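Novice: Chain by chain, the residues run as shown.
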Amino acid sequence: GNSVTQMEGPVTLSEEAFLTINCTYTATGYPSLFWYVQYPGEGLQLLLKATKADDKGSNKGFEATYRKETTSFHLEKGSVQVSDSAVYFCALGKAAGNKLTFGGGTRVLVKP
Amino acid sequence: GAGVSQSPSNKVTEKGKDVELRCDPISGHTALYWYRQRLGQGLEFLIYFQGNSAPDKSGLPSDRFSAERTGESVSTLTIQRTQQEDSAVYLCASSWSGTGSSEAFFGQGTRLTVV
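Heads up: the sequence lines are chains A and B, in that order. Per the numbering used here, residue 1 is the first one in the first sequence, and the count goes up by one each step. Per the numbering used here, residue 1 is the first one in the second sequence, and the count goes up by one each step.
Honestly, the hints are just simulated from the structure, not real lab data. None of the values given here were measured: they were computed from a predicted structure. Note that beta-carbon positions come from the ideal geometry of N, C-alpha and C, so glycine has one too. Please note that the accuracy of each hint is not assured.
For lysine-lysine, the following BS3-like pairs were computed, each having C-alpha atoms within a straight-line distance of at most 30 Å [as the list claims (entries may be wrong)]: (1) A:52 <-> A:77; (2) A:111 <-> A:68; (3) B:15 <-> B:57; (4) A:111 <-> A:60; (5) B:57 <-> A:94; (6) B:57 <-> A:52.
If the Cβ cut is set under 10 Å, some of the chain B residues that face chain A in the computed set are [said to hold, decoys possible]: (7) 8; (8) 27; (9) 29; (10) 31; (11) 37; (12) 96; (13) 103.
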């Protein structure tokens, strides 16, 4: 079946540091890949997505590239801010499937 | 409405009681999901509705859990004879289609506490 594995947190870093959150997946065919973010006290919201191999999703300074050869969709940001403190979820959606499969989430804490 | 609406936002119930959680999806969204998120944990898929197709119930943890949706409107998740391990945030999401390539919009969740 489909599965998503992402690095466990918490990840603690200083403001302006570089952030990488690893995400790998297992799926047949060509799934779409997503990163969702959950800010403290808020609901989940889509951060970025990529629907085919080599696509790069980007939003709010975050980027992730769909790598089919390594079945990965790592999230990166070059210079984090305190406001980026949140839980980040990697997710997979099959084009012909019927539900999103989420990773376990990675809590990120950015200290000033 | 403007977004996915869930009610109640918080629910405290005694062990053994039944609870009903409600989700109002975004108008026109054909797909609707229920997920469970235990404290500090990831998202656990419960059930999925797509239009008038038979729902995917593969994530329901026991027969105490059930959900209904009429057409493309409101969905209710019912938990019978609640147990303490049912305590969690129950999240509802909706999307335009079930293709998996469209964005899912989440509600704020219902925080269920079983005492």
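Novice: Honestly, which of those hints from before does the structure not fit?
Specialist: 2, 7, 8, 9, 12
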